[in-house]
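Which chain is which? The protein sequence lines are A and B, in order. Position one of the first sequence corresponds to residue 1 (the UniProt record's numbering), numbered consecutively onward. Position one of the second sequence corresponds to residue 1 (the UniProt record's numbering), numbered consecutively onward.
The hints are simulated quantities; they were obtained by calculation from the structure and are not laboratory data. Please note that the accuracy of each hint is not assured.
One copy or two, either will do: identical chains are not told apart, so a pair holds if it fits within one copy or between any two.
[Unchecked claim] Simulated pairs of lysine to any residue, SDA-like, Cα-Cα distance not exceeding 25 Å: (1) 215 to 251; (2) 28 to 289; (3) 290 to 237; (4) 154 to 221; (5) 199 to 290; (6) 199 to 282; (7) 290 to 20; (8) 215 to 285; (9) 202 to 258.
Residues per chain are reported as follows:
Protein chains: 2
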Amino acid sequence: MAKIVECIPNFSEGRNQEVIQGLVDTAKSVPGVTLLDYSPDESHNRTVVTLVGDEESIQEVAFQLVKYARDHIDMTKHEGGHPRMGATDVVPFVPIKDISMEECVEISKKVGKRIYDELDIPIFLYEESASAPHRKNLAKVRKGQFEGMPEKLKEEEWAPDFGERKIHPTAGITGVSARMPLVAFNVNLDTDNVDIAKKIAKVVRGSSGGFKYCKGIGLMLEDRNIAQVSMNMVNFEKLPLYRTFETIRFEAARYGVNIIGSEIIGLLPAKAMTDVAEYYLQVEDFDFNKQVIENHIIN
Amino acid sequence: MAKIVECIPNFSEGRNQEVIQGLVDTAKSVPGVTLLDYSPDESHNRTVVTLVGDEESIQEVAFQLVKYARDHIDMTKHEGGHPRMGATDVVPFVPIKDISMEECVEISKKVGKRIYDELDIPIFLYEESASAPHRKNLAKVRKGQFEGMPEKLKEEEWAPDFGERKIHPTAGITGVSARMPLVAFNVNLDTDNVDIAKKIAKVVRGSSGGFKYCKGIGLMLEDRNIAQVSMNMVNFEKLPLYRTFETIRFEAARYGVNIIGSEIIGLLPAKAMTDVAEYYLQVEDFDFNKQVIENHIIN
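Bound-form chain A, shown alone (with noise of 0.2 Å):
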């Protein structure tokens, strides 16, 4: 069976239609590599693309991306929402079938050797890819953005992992890593209250005390005039959907509010499905590998 990798760039470019289509050409060109989507957003002048592709194509698509993003973006001109330190702000690789963490672990470390040495530009791994504790969280890594980035290179503990303390001049330093697929799941309160959101998200999210791998803020949603608990799973194994959900039911009961529904943003792996229904269903010894018949299908 194809090893599947998904990769998800982010270029510091959302306005200019030439540059975004010339993206889109280039994720379309690598044989092996699907786009899944993308997203140009304009106030944060940045563009997400979603790939999926086997072990080597994924590479390659990733590597002829930042080519591009280079050659055709100035960072020296770039502003927008979004914090972002290169031309290709960050370039995640998640396992998505038959290949491990450790795996992408490498593809990321060959990748990042690779936009250096063709490229000029530098490179720091983060996530699971991160050569110490400290390099990690990717908000920690980006600090400074790309105007600070010249200072924040001659610190001691900031030296690049591929590359020299000087950024590339038009298209600064880029980010790249392996990391768990990130589901966006939102639970929906039958309440205007966004303070009951806002209390809520605090109790599951992971930096106030909550589940580790889970992010969350309460917000309203104003054209239904209800509060949401927004939030980004990021190791639906560690941390499956439905213990949240239940956390998210149980505390809100304290207030006598109620969920209404929930939303699932984009794409997630079918396991962080099943996960759920094998909980519900109480099923003894589930195996996803060998009971799920899309998993014996040779690609």
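Fit chain B to the given chain A structure using the hints.
Only chain B this time, still in chain A's reference frame:
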């Protein structure tokens, strides 16, 4: 994307290791086909083979297996606990991915015709492929079994769909069909009273007034000393697993009995599980084809 079809032929041999191995070798001989499982049963004297493959390969492997069975299984000498009408008793085709039930019906007809044309074995089409309502139900089609078929075929309404009104002398007659994937789903109760499981089975199964797409019996798991509702879910799209599960839960409550756990035996499509997760998480507008990453991987 390749169209993926499952085929689960049943052969009237579960004891002779040489013949069983011959079936396995034949199953493995067709490129594009994966042998998922084979289960010989000595007391039934029957072997169930589970295969997946693309649209063309699955037809070829089914034909080759029927040919092998015709040449190596003599029904005039067969005895076993399971009803059967031919050396190859049944050949069901099941749509798995990017293929409709209608297309699987067409496949079943093409394979059925070829079996008669080239192997001289008459064919009954049943289930979704049936040519008349009284031929849908396999139990009715197979009634009379191998020994009674010569008489049955003379009856007005039991002409084969392909072939004349006489069986193959040693291979009998074969049923070919298209049907939905069948999910074997058992629910365990915290009671040693099998009558409770039997009463609940009667509530959920279609034949006694319950859910049309559920077959079920109550039985004892002797080794664990608990009662079980053992079910075949014959259309998980029209009757999702959670619906019988929740019905069993509230019916068991009448006896003060709880669900301990459940079992899924063998294979099932990912969608049968994601439908369950979607229900319990109350997901609004989930799109299985679009949102499950694996569905975008090109085969």
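Item to check | Within, between, both or neither: residue 215, residue 285 at alpha-carbon 25 Å | outcome: Classified as between: cross-chain Cα gap 23 Å, same-chain 30 Å, threshold 25 Å.
Item to check | Within, between, both or neither, where residue 199 and residue 282 count as close if Cα-Cα is 25 Å or less | outcome: Between copies only: 21 Å across, 30 Å inside.
Next on the checklist: Reference check for the pair residue 215 and residue 251, CA-CA at most 25 Å: within, between, both, or neither?
Outcome noted: within (17 Å within a copy, 39 Å between copies)
Checklist entry - Is it within, between, both, or neither for residue 154 and residue 221, if the alpha carbons may be no more than 25 Å apart? => result neither (44 Å within a copy, 69 Å between copies)
Next on the checklist: As a check of your reading, is residue 28 near residue 289 (CA-CA no more than 25 Å) within one copy, between copies, both or neither?
Outcome noted: Result: close only across copies, 21 Å inter versus 30 Å intra.
Next on the checklist: My question is about residue 202 and residue 258: at a cut-off of 25 Å on alpha-carbon distance, are they close within one copy, between copies, both, or neither?
Outcome noted: Within one copy only: 17 Å inside a chain, 35 Å across chains, cut-off 25 Å.
Next on the checklist: Reference check for the pair residue 290 and residue 20, CA-CA at most 25 Å: within, between, both, or neither?
Outcome noted: Cα proximity of residue 290 and residue 20: across copies only (23 Å, versus 41 Å in one copy).
Item to check | Intra- versus inter-subunit Cα pairing at 25 Å for residue 290 with residue 237 | outcome: both (17 Å within a copy, 21 Å between copies)
Checklist entry - What label fits residue 199 with residue 290 when the C-alpha limit is 25 Å: within, between, both, or neither? => result neither (41 Å within a copy, 33 Å between copies)
In summary, the structure is inconsistent with hints 4 and 5 from the numbered list given earlier, while agreeing with the others.
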